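Start from the sequences and build out the full structure, keeping to the hints where you can.
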Amino acid sequence: MSTVRALWSAWGFRDYILASVKRDFASKYLGTQLGWFWAVAQPLALIAIYTLVFAQVMKPALPGHDSPWSYSIFLCSGLLVWQLFSEILSRSVGIFVHNANLLKKVNVPRFSLPAIVALSSIANFLVVFGLFLGFLTLIGAFPGGVVAAIVPLLAIVVALALGLGVLFGTVNVFYRDIEQSATLLVSFWFWLTPIVYPARALPSWLEQSLAWNPMWPIVQYSQTIFLEARVPEPGMLVYPALVAIVVVVLGLHVFRRLSGDIVDEL
Amino acid sequence: MVSLRAQGIGKAYRRYAQTSGRLREWIGFGPQHELIWVLRGVTFEVRRGEALGIVGANGAGKSTLLKVLAGTVRPTQGFYQVAGRVSALLELGIGFHPDFTGRQNVVMASHLLGISVELTAELMADIEEFAEIGDYIDQPVRTYSSGMQVRLAFSVATAVRPDLLIVDEALSVGDTYFQHKSFDRIRRFREQGTSLLFVSHMPGAIKTLCDRALLIDQGVVVRDGDPDSVLDYYNALVARQHAEHEIRQSESPAGVTSTRSGTSDAVIASIELLSAGKPVRALCAGDPVTVRIVVEARSALREVTVGFLVRDRLGNDVYGTNTFHLGLSRAGPEPGTRLAIDFEIVRMDLGVGSYSLTAALHSGATHTDGNFDWWDKAIVFQVVPGQRPHSIGTASLDVRARWLSEDECEVHPSCPADFLPRLQPSKGNDMSAGTSEGIKR
Numbered sequence: 027m028s029t030v031r032a033l034w035s036a037w038g039f040r041d042y043i044l045a046s047v048k049r050d051f052a053s054k055y056l057g058t059q060l061g062w063f064w065a066v067a068q069p070l071a072l073i074a075i076y077t078l079v080f081a082q083v084m085k086p087a088l089p090g091h092d093s094p095w096s097y098s099i100f101l102c103s104g105l106l107v108w109q110l111f112s113e114i115l116s117r118s119v120g121i122f123v124h125n126a127n128l129l130k131k132v133n134v135p136r137f138s139l140p141a142i143v144a145l146s147s148i149a150n151f152l153v154v155f156g157l158f159l160g161f162l163t164l165i166g167a168f169p170g171g172v173v174a175a176i177v178p179l180l181a182i183v184v185a186l187a188l189g190l191g192v193l194f195g196t197v198n199v200f201y202r203d204i205e206q207s208a209t210l211l212v213s214f215w216f217w218l219t220p221i222v223y224p225a226r227a228l229p230s231w232l233e234q235s236l237a238w239n240p241m242w243p244i245v246q247y248s249q250t251i252f253l254e255a256r257v258p259e260p261g262m263l264v265y266p267a268l269v270a271i272v273v274v275v276l277g278l279h280v281f282r283r284l285s286g287d288i289v290d291e292l
Numbered sequence: 052m053v054s055l056r057a058q059g060i061g062k063a064y065r066r067y068a069q070t071s072g073r074l075r076e077w078i079g080f081g082p083q084h085e086l087i088w089v090l091r092g093v094t095f096e097v098r099r100g101e102a103l104g105i106v107g108a109n110g111a112g113k114s115t116l117l118k119v120l121a122g123t124v125r126p127t128q129g130f131y132q133v134a135g136r137v138s139a140l141l142e143l144g145i146g147f148h149p150d151f152t153g154r155q156n157v158v159m160a161s162h163l164l165g166i167s168v169e170l171t172a173e174l175m176a177d178i179e180e181f182a183e184i185g186d187y188i189d190q191p192v193r194t195y196s197s198g199m200q201v202r203l204a205f206s207v208a209t210a211v212r213p214d215l216l217i218v219d220e221a222l223s224v225g226d227t228y229f230q231h232k233s234f235d236r237i238r239r240f241r242e243q244g245t246s247l248l249f250v251s252h253m254p255g256a257i258k259t260l261c262d263r264a265l266l267i268d269q270g271v272v273v274r275d276g277d278p279d280s281v282l283d284y285y286n287a288l289v290a291r292q293h294a295e296h297e298i299r300q301s302e303s304p305a306g307v308t309s310t311r312s313g314t315s316d317a318v319i320a321s322i323e324l325l326s327a328g329k330p331v332r333a334l335c336a337g338d339p340v341t342v343r344i345v346v347e348a349r350s351a352l353r354e355v356t357v358g359f360l361v362r363d364r365l366g367n368d369v370y371g372t373n374t375f376h377l378g379l380s381r382a383g384p385e386p387g388t389r390l391a392i393d394f395e396i397v398r399m400d401l402g403v404g405s406y407s408l409t410a411a412l413h414s415g416a417t418h419t420d421g422n423f424d425w426w427d428k429a430i431v432f433q434v435v436p437g438q439r440p441h442s443i444g445t446a447s448l449d450v451r452a453r454w455l456s457e458d459e460c461e462v463h464p465s466c467p468a469d470f471l472p473r474l475q476p477s478k479g480n481d482m483s484a485g486t487s488e489g490i491k492r
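The listed protein sequences correspond, in order, to chains A and B. Take 27 as the starting number for the first sequence in the working numbering and just add one per residue. Take 52 as the starting number for the second sequence in the working numbering and just add one per residue.
Read the hints as simulated data drawn from the structure, not as lab findings. Owing to the predicted nature of the structure, the values given are computational and were not obtained by experimental measurement. Ideal Cβ positions, reconstructed from N, Cα and C, are used throughout, including at glycine. Some clues are possibly wrong.
[Unchecked claim] Restraint-style ranges between C-beta atoms, simulated for each label pair:
1. B:Leu86 <-> A:Ala174: 49 to 59 Å
2. A:Gly286 <-> B:His293: 30 to 40 Å
3. A:Ala174 <-> B:Ser223: 33 to 43 Å
Below, the structure written as structure tokens:
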């Protein structure tokens, strides 16, 4: 009940949230000469490097996909979703600590801060995702209406990242170690997820021992859409969705329990 | 109409002995913290259009109270209600981001205050004009002086008239010109019904702006009244602390020039001047105070009398009494044991100045009957101006005065209304005759 009220009060601050997202977006490239170029250049460079380094090595692991672009498509479809996840997560961890100045002086609905992070990360995602779709069209690999299947996936990714982010962000107010360890966690997690390498490149015992990883089916779902141009089995998303729900409930619970102490501690 | 109602507001911070204490608490090891109360049972109301000043020493809890009422800090106890929109300037700002320009910050801040996008655009010119920071409006806020930041923050916070304006110290940062300007704006708002909550260390500002004041000391509301009397009380409190410190300092190294005499069959172990249970060396005229004397017997005594004497700066007796006159004579304690007595002085009606306290221990009515121990100037203390009106002399009498109306004079028998007319005719006569007549009579 109080969560609903808190969300409602954040809605009342939508002007602030939207303006913050815009400002966030602008500030990222403000003070740089090439502005938007950088928004695109970074993921582009990353994809180029991985493609150059791994494309040949990974070829045998992608049977049935002989196009020279196969690996790039495989990589992008996983990497973009991962970047959305990791951006929300790593920015949420410091969300209360870095906004101490604001929280101490203004009665901001606390939920507006995660909302800003989520929305601006989604905006960044959409820019790169748009480019990716353009690239697919160019090489004639656009999968068509199947792309819409990405929407429920994105909802789960955002929920999972926000739930974890709010949980970590709240605890981080009291124990700043969380922020340090989150960076480590995200980079380990990245390599424990089949983004750069296909899942079948792993020995089966390793694949099985990584089954707990909710990002695994998420990434595979996205790869299926773009590489095989078909709607994946919805069953793939059951486990990540359940984890996302648990994490969101846990994050909200911890946040509710500690929100009163947050400003005291900042 | 009440615009703010605070009911029993209390705020406690948790203090953990170890940083891991909170973690252990989460895991379920039971409470690991102690509560540090910075506010306790704060209850008051502010009417529509009323300006309430809050005074108190640093760390008294003023700012915490404002933060609670502005909604940034959650109270541990109690609740409050605000009718309408609140605008608050806490810790000199409204959460500006140092890297963004003044203009961007104004936009964000007004959104946070609930001002719509369109209205913000409309108000921008007004805000710029009021803040008078010129071209700086398009520079990052980190390049601003603190005065400029406050000017901009105040301009935004008051761009739209709030129902309750909370200002914490902010205005003391601005220059006199801006202070006047902002006071004017606050005054205009108040006429339209805005209530003001104002913390300041400038007594002048409280007196000009506020029609009521709260004095907060150690988290508790000590006084609630008109600004003049509350500030006077506060000043007395400060003066008292100051005097206390000075007297204690001078007392400790030299031991002053106190003299002791007597047979030492019994001795005065200690004498203390207590106010609210704490030893003091300065008090306000009219304050209650207790003289506590502890005596120790060296031999068996049939009778002991304990007394105290207050003397002024020049050594003149001001007041003295003892247990004999108070009807509390008793036998001495067992040799080697102690006995304590409290003389409660309900109101210390002494005038402003320096006094000494002498303690006496003897048998019978006076110390000439058998003096065990006489301790001259055992304690030096100071009486500082309290709430009482200015007066001179060693006594501070509780005086109430009023002018009598004309008809009160006519009906009152003791009123010499007919005295003047009778005197008038004699004025024409020989003055010396009149005088000698008076003397003869």
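These are the hints, each one checked on the structure:
For Leu86 of chain B paired with Ala174 of chain A, a C-beta distance near 55 Å keeps the hint of 49 to 59 Å intact. Separated by about 38 Å at the C-beta atoms, Gly286 of chain A and His293 of chain B satisfy the suggested range of 30 to 40 Å. At about 60 Å, the beta-carbon gap between Ala174 of chain A and Ser223 of chain B misses the expected band of 33 to 43 Å.
The structure shown violates just one earlier hint, number 3.
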